[in-house]
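Engineer: Here is how the chains run, residue by residue.
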Amino acid sequence: MNQAEVSKLISQLRITMRPNKRHLKNSEGPEGRLLKLRKTVTALVKHERIELFYNRADEARGYAELLISNAIRYGDRHKATMELADYWLLEKQLVHKLFKVLVPRYENFSSSYTRMLKAPRDYPGIYYKKSVLEFRGNPFPALVPDYTQNRNLLHNVLLDEARKEFRREQLAKMANKFAAETAAPPALATQENDAGN
Amino acid sequence: MAAATKLYKKSLGFFAQIQQYRSNANYTAGASIRTRNELFNEEQRRQREAVGRIDKIEVRYLGLPEDVTLVMNSHISTPYNCAQHLSEGHCQRAVLALLDGSVPWDVHRPLQESCTLQLLNFNVSEPHVVNKAFWRTCSFMLGAALQRVFKEEAKLQLHSFPSPNIKSGSFVHDIVLGAQNWQPTKAEMRAISAEMVKLAAQDLRIERLEVDQELAKEMFKESHYKSEQLPSIAQQNQSRVTLYRLGEHIDISRGPMVASTRFLGKCTVSTAHKLTDEGPSNAFYRIQGVALPSGFMLNHFAYGLLEQRSQKLNSARLPNEPFEDQRQMQLS
Numbered sequence: 001m002n003q004a005e006v007s008k009l010i011s012q013l014r015i016t017m018r019p020n021k022r023h024l025k026n027s028e029g030p031e032g033r034l035l036k037l038r039k040t041v042t043a044l045v046k047h048e049r050i051e052l053f054y055n056r057a058d059e060a061r062g063y064a065e066l067l068i069s070n071a072i073r074y075g076d077r078h079k080a081t082m083e084l085a086d087y088w089l090l091e092k093q094l095v096h097k098l099f100k101v102l103v104p105r106y107e108n109f110s111s112s113y114t115r116m117l118k119a120p121r122d123y124p125g126i127y128y129k130k131s132v133l134e135f136r137g138n139p140f141p142a143l144v145p146d147y148t149q150n151r152n153l154l155h156n157v158l159l160d161e162a163r164k165e166f167r168r169e170q171l172a173k174m175a176n177k178f179a180a181e182t183a184a185p186p187a188l189a190t191q192e193n194d195a196g197n
Numbered sequence: 198m199a200a201a202t203k204l205y206k207k208s209l210g211f212f213a214q215i216q217q218y219r220s221n222a223n224y225t226a227g228a229s230i231r232t233r234n235e236l237f238n239e240e241q242r243r244q245r246e247a248v249g250r251i252d253k254i255e256v257r258y259l260g261l262p263e264d265v266t267l268v269m270n271s272h273i274s275t276p277y278n279c280a281q282h283l284s285e286g287h288c289q290r291a292v293l294a295l296l297d298g299s300v301p302w303d304v305h306r307p308l309q310e311s312c313t314l315q316l317l318n319f320n321v322s323e324p325h326v327v328n329k330a331f332w333r334t335c336s337f338m339l340g341a342a343l344q345r346v347f348k349e350e351a352k353l354q355l356h357s358f359p360s361p362n363i364k365s366g367s368f369v370h371d372i373v374l375g376a377q378n379w380q381p382t383k384a385e386m387r388a389i390s391a392e393m394v395k396l397a398a399q400d401l402r403i404e405r406l407e408v409d410q411e412l413a414k415e416m417f418k419e420s421h422y423k424s425e426q427l428p429s430i431a432q433q434n435q436s437r438v439t440l441y442r443l444g445e446h447i448d449i450s451r452g453p454m455v456a457s458t459r460f461l462g463k464c465t466v467s468t469a470h471k472l473t474d475e476g477p478s479n480a481f482y483r484i485q486g487v488a489l490p491s492g493f494m495l496n497h498f499a500y501g502l503l504e505q506r507s508q509k510l511n512s513a514r515l516p517n518e519p520f521e522d523q524r525q526m527q528l529s
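Protein chains in written order, with our numbering: chain C, 1 to 197; chain U, 198 to 529.
Keep in mind the hints are simulated off the structure, nothing from the lab.
Treat the hints with care, since some could be wrong.
DSS-like cross-link-like pairs, simulated, lysine-lysine; straight-line CA separation at most 30 Å [what the hints assert, rightly or not]:
no. : chain 1 : residue 1 : chain 2 : residue 2
1   : U       : K352      : U       : K395
2   : U       : K509      : C       : K177
3   : U       : K348      : U       : K418
4   : C       : K100      : C       : K39
5   : U       : K471      : U       : K414
6   : U       : K383      : U       : K364
7   : U       : K471      : C       : K173
8   : C       : K21       : C       : K130
9   : U       : K471      : U       : K364
10  : U       : K352      : C       : K164
11  : U       : K383      : U       : K395
12  : C       : K100      : C       : K36
13  : C       : K25       : C       : K46
14  : U       : K509      : U       : K471
15  : U       : K509      : U       : K352
16  : U       : K383      : U       : K509
17  : U       : K329      : C       : K164
18  : C       : K164      : U       : K348
19  : U       : K471      : U       : K352
20  : C       : K173      : U       : K348
21  : C       : K177      : U       : K364
22  : U       : K463      : U       : K364
23  : C       : K164      : U       : K463
24  : C       : K130      : C       : K46
25  : U       : K414      : C       : K164
26  : U       : K395      : U       : K509
27  : C       : K97       : C       : K130
28  : C       : K39       : C       : K129
29  : U       : K364      : U       : K395
30  : U       : K329      : U       : K364
31  : C       : K173      : U       : K509
32  : U       : K509      : C       : K164
33  : C       : K8        : C       : K79
34  : U       : K348      : U       : K463
35  : C       : K118      : U       : K463
Can you make the complete structure from the sequences, with help from the hints?
Structural biologist: Shown next, in the form of structure tokens:
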């Protein structure tokens, strides 16, 4: 009856997890699979950008997100969070990085903490989809070119000019309206006078 | 049934002439285009053979992956050939070349002397030159698309296109049509846009050729407006005229233009404004459109705003306006 709302018990992921099977079978069973994921999460926290097979990246991403959001939510004085960090980070110096570097970086983030991009695969090679998994705000050069900042690029020139023209039109409209209003009162006054008479 | 077909024919109106241009044999215009192309080929061959003894020039390439010096052939090697020494990616991405850091140069135009070379694309930090060349190429391609799309009965004559001005929001081509009250429908404009996209898909190389005024006159003798413009254009450039060719279409332009039609991405030919009547049955129309280079993503709302803006009449010099000074005449 007085059950707590389950969705509030754990922090919500900021990424969409698709209910797809990710085929991460391992000869050592679930433990081996989890060890692989722990290695991936550790490598992600350590290097901030890693390139790996898509399925493994997709699975590990959720755990990395959860780890960071819990670290932000409960801080480093929380036993359960510390245990979680201890479990996922195989190299223990990274626990310090998590609380001293990543938590301050992501405290005020409204988006997800990680970004995942599809990567090209070798041809001919193993036919597994590849991807790049990275932390947002990492120190490396951007992977995707940014076309928004350079205002001299063709589409930005066109959009800026369109914006200027729109503003000019709005101003002209306002000026016309103002002119019409300032011209109107004498007409109103004469009407009132007419009414008074 | 007969009545129905009659009605249908009526409703199609003037622009029924626009489609199926290929099936409708375009004899006279086709012949003049063929001779023009033959003259172009001949002159191209003559210029290539006139090079004679091959001189070597040193071209200092500046840019990625590293600065190198290439030894090329004077009057034969083009910036494209230099790019071929670098990588396939350089060949595909080179839109325009910049010689000695200041002179824009067509990618397929032979180099004259030793110089430094930069290969430009649309994403460089200062893309003004490339943008301008792209806008000019759009106007030129629009001419080619119109030539392909109109039937003989429409009596299309290309007039000219003014200098590219990106800030005006639209590229322009001025034409003369044998109809004084053509109101283009959306479907008709879309047909022209589709022709532009087809041109882009064909990946046609844009060739440049400088010819004598006499030869240019010979090439454009069928075109009333072009032969009218030729003397003043030649006067500006020591009686030489710069021609550009795209597929079969040849036009006069100062250039430079981008290397290939492939660089045209999103494209909309938005309106045709009637300017004035010309003679008893013809009229000047200004065809306008907007385009983005290939690889530039823009969401459809923002692009819609650009399309809307491109429908306003472009304020570039009108084709029927007299020039204040003949020297001022700039046929782009």
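Engineer: With reference to the structure, classify each hint as holding or not holding.
Structural biologist: Do the hints match the structure? See the list:
As the CA atoms of U:K352 and U:K395 are separated by approximately 23 Å, the hinted pair is consistent with the 30 Å bound. A distance of roughly 23 Å separates the Cα atoms of U:K509 and C:K177; the hinted pair therefore holds under the 30 Å criterion. With a C-alpha separation of about 21 Å, the suggested pairing of U:K348 with U:K418 holds against the 30 Å cut-off. A hinted pair counts as satisfied when its Cα atoms are at most 30 Å apart, and C:K100 with C:K39 qualifies at roughly 21 Å.
For the proposed pair U:K471 and U:K414, the alpha carbon gap of about 28 Å is at most 30 Å, so the pair holds. A hinted pair counts as satisfied when its Cα atoms are at most 30 Å apart, and U:K383 with U:K364 qualifies at roughly 25 Å. The straight-line distance between the Cα atoms of U:K471 and C:K173 is roughly 27 Å, inside the 30 Å bound, and the hint therefore holds. With a C-alpha separation of about 16 Å, the suggested pairing of C:K21 with C:K130 holds against the 30 Å cut-off.
In summary, the hint linking U:K471 to U:K364 is supported, as the alpha carbons are separated by about 22 Å, within the 30 Å threshold. A hinted pair counts as satisfied when its Cα atoms are at most 30 Å apart, and U:K352 with C:K164 does not qualify at roughly 39 Å. Restraint check for U:K383 and U:K395: satisfied, since their Cα atoms lie roughly 18 Å apart, inside the 30 Å limit. Taken as a hint, the C:K100 and C:K36 pair is honoured in the structure, with Cα atoms around 25 Å apart against an allowance of 30 Å.
Using a Cα cut-off of 30 Å, the hinted pair C:K25 and C:K46 holds, with the two alpha carbons roughly 25 Å apart. At most 30 Å may separate the alpha-carbon atoms for a hinted pair to count; U:K509 and U:K471 meet this at roughly 12 Å. Between U:K509 and U:K352, the direct Cα distance comes to roughly 25 Å. Compliance with the 30 Å bound is thereby established for this hinted pair. Of the supplied pair hints, the one linking U:K383 and U:K509 holds, its CA atoms being roughly 15 Å apart against a limit of 30 Å.
Proximity of U:K329 to C:K164 is assessed by CA-CA distance (about 20 Å); at most 30 Å being required, the pair is judged to hold. A C-alpha spacing of about 40 Å is found between C:K164 and U:K348, which places the hinted pair above 30 Å, so the restraint is violated. The straight-line distance between the Cα atoms of U:K471 and U:K352 is roughly 15 Å, inside the 30 Å bound, and the hint therefore holds. As the CA atoms of C:K173 and U:K348 are separated by approximately 44 Å, the hinted pair breaks the 30 Å bound.
Taking the CA atoms of C:K177 and U:K364, the gap is near 28 Å; set against the 30 Å cutoff, the hint holds. A threshold of 30 Å between alpha carbons decides the hint, and for U:K463 with U:K364 the separation of about 18 Å falls inside it, so the pair holds. Proposed proximity of C:K164 and U:K463 is supported: the alpha carbons are some 23 Å apart, at most 30 Å. Proposed proximity of C:K130 and C:K46 is supported: the alpha carbons are some 20 Å apart, at most 30 Å.
For the hint linking U:K414 to C:K164, the alpha-carbon distance of about 44 Å lies beyond 30 Å, and the restraint is violated. A C-alpha spacing of about 25 Å is found between U:K395 and U:K509, which places the hinted pair at or below 30 Å, so the restraint holds. A hinted pair counts as satisfied when its Cα atoms are at most 30 Å apart, and C:K97 with C:K130 qualifies at roughly 27 Å. With a C-alpha separation of about 19 Å, the suggested pair C:K39 and C:K129 falls inside the 30 Å cut-off, and the hint holds.
At most 30 Å may separate the alpha-carbon atoms for a hinted pair to count; U:K364 and U:K395 meet this at roughly 26 Å. The hinted pair formed by U:K329 and U:K364 meets the criterion: a straight-line CA distance of about 10 Å does not exceed 30 Å. Straight-line distance between C-alpha atoms of C:K173 and U:K509 comes to about 18 Å, which keeps the hinted pair within the 30 Å bound. For the given pair, U:K509 sits about 15 Å from C:K164 by alpha-carbon distance, which is consistent with the 30 Å threshold.
Between C:K8 and C:K79 the alpha-carbon distance is near 19 Å, which keeps this suggested pair within the 30 Å criterion. A C-alpha spacing of about 25 Å is found between U:K348 and U:K463, which places the hinted pair at or below 30 Å, so the restraint holds. For the hint pairing C:K118 with U:K463, the CA-to-CA distance comes to about 25 Å; that is within 30 Å, so the pair holds.
Checked against the numbered hints above, the structure breaks hints 10, 18, 20, 25 and satisfies the rest.
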